[in-house]
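Trainee: Everything in the sequence shown is counted per UniProt numbering, starting at 1 for the first residue and increasing by one.
Source of the hints: derived by calculation from the structure; they are not laboratory data.
Certain hints may be false.
Claimed, not checked - BS3-like mimics (lysine-lysine), calculated; alpha carbons at most 27 Å apart, straight line:
id : residue 1 : residue 2
1  : Lys276    : Lys481
2  : Lys276    : Lys563
3  : Lys276    : Lys14
4  : Lys250    : Lys276
5  : Lys563    : Lys395
6  : Lys276    : Lys532
7  : Lys481    : Lys563
8  : Lys255    : Lys561
9  : Lys230    : Lys87
10 : Lys395    : Lys408
11 : Lys87     : Lys14
12 : Lys558    : Lys481
13 : Lys19     : Lys255
14 : Lys437    : Lys299
15 : Lys250    : Lys299
16 : Lys398    : Lys299
17 : Lys561    : Lys364
18 : Lys563    : Lys398
19 : Lys563    : Lys408
Unchecked claim - Cβ-Cβ distance ranges computed for the label pairs, FRET-style:
id : residue 1 : residue 2 : range
20 : Lys398    : Gly302    : 49 to 59 Å
21 : Val242    : Ile193    : 46 to 56 Å
22 : Lys532    : Asp281    : 55 to 65 Å
Using N, Cα and C, we set each Cβ at its ideal position, and we do this for glycine too.
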Amino acid sequence: MEKTEKVITSDQPKYRGVKAMPFVIGNETFEKLGTIGTSSNLLVYLTTVFNMNPIAATNLINIFNGTCYFGTLLGAFLSDAFFGRYKTLGFASISSFLGMLILTLTAAISKLHPPHCSTGQTICIGPTSWQMVFILTGFGFLVIGASGIRPCNLAFGADQFNPNTESGKRGMSSFFNWYYFTFTFAMMVSLTIIVYVQSNVSWALGLAIPTFLMFCSCAVFFIGTRIYVKVLPQGSPLTSVVQVVVAAVKKRDLKLPEQPLLSLHNHVPASSINSKLPYTDQFRFFNKAAIVTHEDQIKPDGSAADPWRLCSIQQVEEVKCLLRVLPIWAAGIIYYVAIVQQQTYVVFQALQSDRRLGTNNNFKIPAASYIIFSMLTLTIWIPIYDRIIVPFLRKLTKNEDGITVLQKMGIGMVIAIITMLVSALIERQRRTVAITKPIFETEARKSVVSSMSGMWLIPQLALAGLSEAFTLIGQVEFFYKQFPENMRSIGGSFLFCGLALSSYLSSFLISVVHRTTNGAATGNWLAEDLNKGKLDFFYHLTAGLEVLNFGHFLVCAKWYKYKGTSANTADVAMEKMYSEKPLV
């Protein structure tokens with residue numbers, strides 16, 4: 001055991017790069033097959049097996065997803081401060097396996113779920129308190145697993161490449177591409193094969209398969225233990241952030257010098273893995289943390305004797321990196337509300353649409369499987385964009401990436417607005433056809449099904465996938481590049497925290513609309529039977545929210561300064577002096 005726990009601490013660790021990728025990506029692929037893919041069908045599981053009300057089930061799923069995402073901040077903190085990414089990933093993988101095992105037991109053992117609600121039964125028996133406690137325990141283990149895996153897996157994979165060599169940089173870029181490819185591949189398999197088994201064969205078998213795959217995820221990860229580069233935790237990088245805030249508050253009455261680069265405390269520890277950042281004029285208040293007074297003492301190595309009173313310019317600029325990201329991050333929270341609807345309410349739309357393939361074919365596409373069209377669009381678009389569109393844009397804009405990360409995110413936000421408008425049109429037509437040309441009733445719930453084919457849901461799902469290909473992937477790149485190097489796990493968790501708040505915001509929005517419109521003259525927009533509701537109105541409301549958010553994003557994007565870019569052109573001339581002459 002001591003051998004496998006050994007951490008590489010030399011200045012030049014033995015990077016295995018591509019050799020480590022099968023284990024890292026294998027762990028990621030099996031984890032996605034085992035947990036995230038299954039979560040897309042949990043809405044159907046809760047409403048059909050646990051007989052939960054659709055609104056309650058939707059809110060529970062949103063809260064579950066939100067907690068999974070929000071927990072990544074704690075997982076990233078524990079990883080960077082105490083355990084390191086390797087141990088965090090190992091523990092989280094085991095937790096996810098246990099969570100899937102508990103979910104499987106709720107389906108396999110009859111006493112752990114309510115009695116089946118047969119066709120025509122007017123009142124369905126809901127879950128008991130103990131049954132809910134048991135399934136929520138499974139959700140709890142899944143939350144712990146997701147909190148550790150999601151913020152660390154991408155950064156752990158990047159750790160396996162040497163960032164100081166060209167081959168290492170190319171390998172890292174290739175890893176990101178394969179990461180997203182395997183992610184979408186795993187999602188597509190889950191949304192087709194596994195969801196079909198769950199919905200049409202057996203829930204017990206359909207949950208047992210991803211549970212076994214999650215076991216494989218754990219096995220693959222630990223098999224590669226000996227060849228991993230394991231970066232030691234260096235303490236929480238958030239401590240430095242708090243020190244800057246405290247020091248700036250203590251020196252709030254001091255006046256900033258006229259030449260900050262030549263006067264403020266400038267010290268970068270030799271052991272720091274962070275790239276040197278130029279001085280910027282944004283958030284000038286925090287520059288006061290680097291003002292040297294007669295009370296401040298400097299150690300022989302140039303560091304401050306009391307880091308809670310005196311910080312370096314480098315520390316201050318790292319805090320500014322975090323502050324500049326926040327408005328962009330906030331825009332991502334509201335953006336993702338539109339995407340959440342394509343993962344929840346689209347399932348209900350599919351349930352009340354004609355899901356048969358062919359007029360004489362009894363095969364029905366599982367409602368949750370329609371989400372695959374978002375993943376399929378994403379999978380097709382990424383190589384086209386990377387191999388064809390980016391080279392063309394590179395020649396046009398002279399930008400190495402074709403367009404900037406913020407431009408990429410903005411395009412996705414515009415597509416999200418179009419997605420919601422198209423969704424509203426399709427839902428209105430589906431409801432009209434359901435009223436005029438119904439075909440049959442759903443099992444367990446007397447809801448008329450529209451004779452309109454479920455394939456009409458593809459346009460809105462494809463647009464959602466295209467939107468994610470721009471904004472969501474752009475966010476990952478944005479957080480990875482704009483955060484200081486020692487905060488990359490936290491940077492990864494920022495994305496998931498945004499997704500968490502999006503899920504919570506979506507749940508809050510659904511609850512408010514449901515309560516506000518219940519009993520209104522126009523009828524409940526989010527009625528249990530979509531044919532009696534006005535889901536298209538809710539989609540229009542979401543589109544309006546996205547328009548306002550896009551305006552906010554444009555203002556923030558214009559103001560934003562990328563990491564490593566000086567906000568004051570006068571400081572550029574002094575940058576050489578700043579880098580060559582460490583002053584105190």
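Trainee: Indicate, hint by hint, whether the structure satisfies it.
Mentor: Against the structure, the hints come out as follows:
1. Lys276 / Lys481: Cα-Cα ~14 Å, so holds.
2. Lys276 / Lys563: Satisfied, since the Cα-Cα distance of roughly 10 Å is no more than 27 Å.
3. Lys276 / Lys14: holds (25 Å)
4. Lys250 / Lys276: holds (25 Å)
5. Lys563 / Lys395: holds (24 Å)
6. Lys276 / Lys532: violated (60 Å)
7. Lys481 / Lys563: holds (8 Å)
8. Lys255 / Lys561: The given pair, whose Cα atoms are some 25 Å apart, holds under the 27 Å limit.
9. Lys230 / Lys87: With Cα atoms ~9 Å apart, Lys230 and Lys87 stay inside 27 Å; holds.
10. Lys395 / Lys408: With Cα atoms ~17 Å apart, Lys395 and Lys408 stay inside 27 Å; holds.
11. Lys87 / Lys14: Answer holds: Lys87 to Lys14 is near 19 Å, not above 27 Å.
12. Lys558 / Lys481: Status holds; Cα separation ~18 Å.
13. Lys19 / Lys255: Given that 27 Å is the threshold and the Cα spacing comes to 54 Å, the pair is violated.
14. Lys437 / Lys299: Judged against 27 Å, a Cα distance of about 82 Å means the pair is violated.
15. Lys250 / Lys299: holds (21 Å)
16. Lys398 / Lys299: With Cα atoms ~46 Å apart, Lys398 and Lys299 exceed 27 Å; violated.
17. Lys561 / Lys364: violated (51 Å)
18. Lys563 / Lys398: This hinted pair holds, its Cα atoms lying about 19 Å apart.
19. Lys563 / Lys408: Holds. Lys563 to Lys408 sits at ~17 Å (cutoff 27 Å).
20. Lys398 / Gly302: 49 to 59 Å: Since Lys398 and Gly302 have Cβ atoms about 40 Å apart, the given range 49 to 59 Å is violated.
21. Val242 / Ile193: 46 to 56 Å: Taking Cβ atoms as reference, Val242 and Ile193 lie about 48 Å apart, which means the hint holds.
22. Lys532 / Asp281: 55 to 65 Å: About 58 Å separates the Cβ atoms of Lys532 and Asp281, which means 55 to 65 Å holds.
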